[in-house]
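Q: Fit chain B to the known structure of chain A by using the hints.
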Amino acid sequence: MIAKQDLDQLMNQLRVKLVGASDAGMKAQLYDVCTEFFKDTLSWYEVVQFTGQPAVLDYAITPSEGQIIQLAVVVNADSSPISASMFEMGVVHLAAAPNESQPLYATVIKNVTLPNTRDMTPIAPDWLLPQWHLEIQSGVLGNMMLQPDKSYTDKATALYHLKRFRDGIAQARARTLRANTQGTQAWQFPRSFSTGAQRGGSGSERQF
Amino acid sequence: MQTTLDIIDDYITDARTLLQDEIQPYRYDDLSLVRAMNVTLLEGRRLRADLFVFCRENGGMVPHYASKSGQPVPIEPPFRLAFLHGLVGHALERDQEDIQDNRAALFLKIFNDLLLGVRPSSLAPAAQGTPQ
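Those sequence lines, one after another, are chains A and B.
Take the first sequence: its letter number 54 is residue 54 in this note's numbering, and every next letter is one higher.
For any residue, its number in this note's numbering is found by taking its place in the second sequence, counting from 1, and adding 208.
Honestly, the hints are just simulated from the structure, not real lab data.
Hints are supplied without guarantee of correctness; some may be wrong.
[Stated by the list, open to error] DSSO-like, lysine-lysine: derived pairs with alpha carbons at most 30 Å apart: (1) A:Lys17 <-> A:Lys163; (2) A:Lys150 <-> A:Lys17; (3) A:Lys17 <-> B:Lys317; (4) A:Lys4 <-> A:Lys39; (5) B:Lys276 <-> A:Lys155; (6) A:Lys150 <-> B:Lys317.
Note that the structure is predicted; figures quoted are calculated from it, not measured.
Okay, chain B solo, but in the shape it has when bound:
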């Protein structure tokens, strides 16, 4: 039984690693990351309906989380990494810095590519220096 990225808490914890936001007080609080996950699930439903409509655990509906509650996220194991990237991408979108915009776009692209099956290219290096 695959337990990696099994519950909503796992997604929040791993997202903080990618966001480099592991020290309290957090820049992205738990509730905002949970909200980002809910939105990512909706987008995932649009891209890959088969991951949701045949899922008996949720009666074919998109799951929704009110908090970091330890509830399971019923996504098949090969697709969980995609939703993690989607969560991070959505969280980054609220920032207004140019670098964060690029990072957000990159994560969301990986989210799309993983769900639609496009082989992702290697991550582009972060922009050097201070934005002009």
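Chain A on its own, in the form it takes in the complex:
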């Protein structure tokens, strides 16, 4: 959940910069901006545990908050990936049923969802505004300033803010790929390339 002090800081900045805008309108726009942010950055994820059962392929899972938009990976207790897909949102479909009952962990990517809280605040992770409040602010400002016939309508400034917002999305996506590390590369060899021997490869050397 977004912390109240973070939301108040954001709303106060918006109230100052959008003369004549209503609080309700700004919060509604904030929901749309958060939706676009998480859809394009894929940065909000959660590990959901469920129990794999023999002869059962489909498992309905529910995140603690938000809605599932993608399935990233399913692993077992040894962190080995399990082949799975999500044809229906919220239902993990295993390629093969496990032989015995075991805990499985599905990493899902999430987005905000309606309804918002009672005061119309979008339900989003608590790190969103502390880390990205400038970008979210630009997103709201840009979209609000594009509305026609309002006191805060300003298309030129709107384009500036929307560009800042999109740049922020690109940064957030890059950080997510690098798991918020500094100086590492985003790409790693797939697990399927790993071998147990130091020789590496297969079928290229004589076996004794």
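A: The following block gives chain B in isolation, referenced to the frame of chain A:
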């Protein structure tokens, strides 16, 4: 918590001050002012849908008042003055005197300007003398 112009009664009371109609028997009775407020709210919905459609108290609908009943008017504080002017403007519209027509137009213009964010100019002085 902002309580200025919080309930329908506050709007009626303040409107009587602007209408200079504070001594009974009133020229504009309570029911006609309540009706004027209902119409003003509809016009406000047209101009600023964001003030109504996201309002959970009324389920996104425009509120309606049958009488001066102490019910709250769920308008955000910065915009309440606009609805007061709209109420007064609509009430004045029923009069047929030239001066009242000008006053009605002025109040309705302030209503529009406040909702749409145009800075209102200073009030024009009332016309002097008797209309010809």
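Q: Hint by hint, note whether the structure agrees.
A: Hint check:
no.	hint	verdict
1	A:Lys17 <-> A:Lys163	holds, 17 Å
2	A:Lys150 <-> A:Lys17	holds, 13 Å
3	A:Lys17 <-> B:Lys317	holds, 25 Å
4	A:Lys4 <-> A:Lys39	holds, 24 Å
5	B:Lys276 <-> A:Lys155	violated, 43 Å
6	A:Lys150 <-> B:Lys317	holds, 15 Å
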